[in-house]
Amino acid sequence: MDSRCPITAGKDNEGVVEMTVNIVEDGVAEAVKANFPDAVSEAKTQRRGRVVITVQKDRVVDVALLLKERLGFDYVTSVSGVDYPNRNEFEVVYHIWSISRKILIALKTTVSKDDPRLQSLISVWDAVNYHERETHEMFGIDFIGHPNLTRFLLPEDWDKSPPFRKDFKLPTEPR
Amino acid sequence: MAAVGFLGLFLDFLFSMYFLELLLKVVVFPGLMFISLFAMVVIWFERKFLARIHLRIGPLHVGPMMGLFQPIADFLKVLGKEIIVPSNAHRTMYNLAPILVVTISGMGLAFIPFGPSPSVMSIKNWVIYYTPFNLLLILMFFTIRPLIAIGAGWASNSKFSTIGALRAAFQLLAYEVPLLISIASVIMLAGSFDLIQIVQSQSKVWFIILQPIGFLVFFVAMMAELGRRPFDLPHAEQEIVFGWPTEYTGIQFMCVMLAEYIDLCVGSLLITALFLGGWLGPAFIPPIAWFLLKSLIVTVVIIMGRGVFPRFRMDQLLDLGWTVLIPLALIQVLVVLALAQFAPWILPNVTLGG
Amino acid sequence: MKVRWGPQHPVSGQWSFFLDVDADVVVGMEPDVGYTHRGIEKVAENRTYIQDVPIVERACIFDAGNFVFGYVEAVEELMGIEVPERAKFIRVIVGEMSRIASHLYWLCLMSIAVGLETMLMWPVNDRELFLDLLEMLTGIRLTYSYFIPGGVRYDLPAGFREETERRMDYFERRLKDYYKMLYLNRTFQMRTKDVGVLKQADAIRMSVVGPNLRGSGVKIDVRKDEPYAAYDQIDFTVPTESEGDTYARSLVRFHEMEQSIFIIREALKKIPSGQIRVNVSPSVPKGEVYSRVESARGELGYYIVSDGGNKPYRLKMSAPSFRSLLSLPQIMRGVPMADVPTLYMSLDLIPLDVDR
Amino acid sequence: MVLSIIRPFYMAFAHLFKTTFTVKYPYEVLRPSERYRGRPMLNLERCVGCGVCVWICPNKALNMVKVGDLKLPQLDAGRCMFCGLCADFCPRIAMVMTQHYELAEYNRKSLIYSPERFSQPPKQFDGKLMSVKKIRKHFGVTHG
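Protein chains in written order, with the numbering used here: chain R, 10 to 184; chain D, 922 to 1275; chain E, 408 to 763; chain L, 10 to 153.
Since the hints were derived computationally from the structure, they do not count as laboratory data. For clarity, every value in this text was computed on a predicted model and none was experimentally measured. Check each hint, because a few of them may be wrong.
[Claimed, not checked] Among chain D residues calculated to face chain E with C-beta under 10 Å, some are: (1) 946; (2) 975; (3) 1002; (4) 1083; (5) 1084; (6) 1125; (7) 1158; (8) 1161; (9) 1261.
For each residue, glycine too, the CB sits at the ideal point set by N, CA and C.
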């Protein structure tokens, strides 16, 4: 099952090893790109064991299904939102680990701030449940299809804007 | 004239040796003062002993002997607490339960004979009230307690109290059965319900040697009856806060705790009387001292369970009771019957089948 | 009957559960978290990289060493700098000591959940051994602020190696005592075996982390999968158990403590001399990084986006307890109420870590 | 099975006579290690009032106040988390971390260390062991 290239990293010829060792990572990126040529805007290998894929938001579920069913990415590690007020959009990043391939893939997508809605990936990975709830709370992104998108970490009477957005300023002198 | 006659009788009674002795017994020795002292010493000892097992020191500052008076300090502190009755609680039942539980636990003490003593009365034993059926009465007071627990748990109008009350009912009722069966073999050997008779019949050999299985069953069942770890499910702090007395505060809580330690006292005295030869022993210390010494050792072993075992779960507890203890107790009864049939010379006084 | 378990309950911690109880059986459970939500991710965005070091470790002070470990690894990867070898080994030592201290704390909580107070006190006492060592090395007992981007703050003090060896020998004897007192205790086995079974497929589906996952037979350990610091130079084993019940999870943690002792010994043996720190610039190049470390509770991920300034643009902490939390309602369905504290403690969930 | 019931009893008995871990804290003082980071202390003679400590403090526990013609840092011990960054970053080594950890006060205002108070060295620990009797004599209390 272990498809990793058996070359181990050495100290003196790091450059050479770097080129040969990333075959699997490149292969994953290529596979995603080949299956969804129009939806995947970027697929690259960041470093050893890290692949970054940027997908259009309406095709996220399809790409996720491909990743899970065909490429063996089965272990959710993190879901994070990033606020870009200059571009007026949120970036949602799913970090998925593959137990068999030992690769971490970052599945990125962007949603507009005016219409922060995104198809939930809970149908693909069950484990994104609480992560998506947290992201919903902290950024105000609606995950369509999530069964329980209710208040989680914030207090019940929280009426200010979602706190992890950049326009939410921390009080300078918290008491 | 009737009143004067009655008053005369009453005054006669008041100044009779009988009354003075009764007063002495109720207030001093097996009664109030003794039980308070016992509770104090046992609480102190439990805390120090467990602390040593835990590699701690335990209470340190109050009184001599590294904090002997700590229970008194705790008592005074608890005395100053406000009594809180939860809203929607059944006030009468709620307030009655702590008084009842401490009274009923204390009643059992009235029937335990504490060994022979010079007495003005016909009964040559130190006992508050003598009756030949004292063992049955003590067990009766043991059996009443789950009713109070259910009442108090229900009256508290708290979920944890209710769960604790039901647990108490389950446990105490389930462990009555092995308790009684293991007593049955003792009674068969002694031929009497009278604790004095039972102790006297152990003058040659203690019953723990004649019936070790019965002793084991009685000991475990008694631990469960007393609600000591590993059988402290009715109070299980980590699961249901404090069981049925969860909502009690102040002096009411103190009553519940005191009742627990009175029960511990009665239980260890019973174990000593039934299996460990009661007040029998070499004559260099008085019989009453023997009785107390033995029961203190029993108390230590009971307390030690707290430092050694995790708590059982309810299904495991009932499993142990019904599938292990009851068959063992029945086996013990059969063994006693067989001994009486085939080797009657072992037994102290053969009352079985002539 | 609906029972609210916490936040004022002897073993609930700073959160509460909504338990749906049918007679004595739990039929549903919903965690209510957020009592200690401090918004550490947001606070970190408003501090510089060096100021974030004391902030991120307060997400979980029982395991502060590993929490900072992940953060500094991430920042160093963003900066593209290589830490001196000696600093790597010192980091491994601190991380493993922190792991042992955290596991000992868990052992207390686990034994108090099953109702054995003796095993509450012994590990608390023996935890002092490691807290004292860490104080000797880092200057603080719990929140060390010892790792900084570029290395560690102080070198090993004089006599540290001998003191560590002495305490390790003692602690190994104590571990045997623990095994006899708790793990071989009949009642503990009755309470934990076949309770709260988390099957292998379920564990991966729920993406639980760390010892909980390894107790279900999945051999994932970041220290082996993606060796960071000096873990690739130390040949340790990753303990796994296949049953997936509470006892298996407890056993995994016990064996991890043994492995941690081994790792500390090896690291002290192999530690080279040299620098402990390289100088770094306060600002960090533009980019993003996802760094993973194996904390005591499992895999901990830091996702840091940098816009080229001296503060992180976004810092996401993927905390281990938060990820294991998802499996708690699953394994709590259909168990008697007496097992609720046992199951909660068996996953080693810390509310501070869940909320961040 | 019998062994698994009896062994814990044996273990408990074996621990009965071991030495305890307890430290009777207010009477027995444990010396912190040499590197221990307690309350920071300012060396008034070396401080030039550059403000680096205020800039680096993650919790804003330090702020500059005017003393005479100089601006000097003032500590709010209620906000300090003893990370020691101020001492590390101080260019003239005017800020040092002391081993003083008994910082409890009765109100919030006493937690604020003005530059003068900030610069006073804490009292030294003697670390002596006192018996309980001596404690009573010394403190005049029966309950610790």
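Do the hints match the structure? See the list:
no., hint, verdict
1, 946, "violated, 38 Å"
2, 975, "holds, 4 Å"
3, 1002, "violated, 17 Å"
4, 1083, "holds, 8 Å"
5, 1084, "holds, 7 Å"
6, 1125, "violated, 36 Å"
7, 1158, "holds, 5 Å"
8, 1161, "holds, 8 Å"
9, 1261, "violated, 35 Å"
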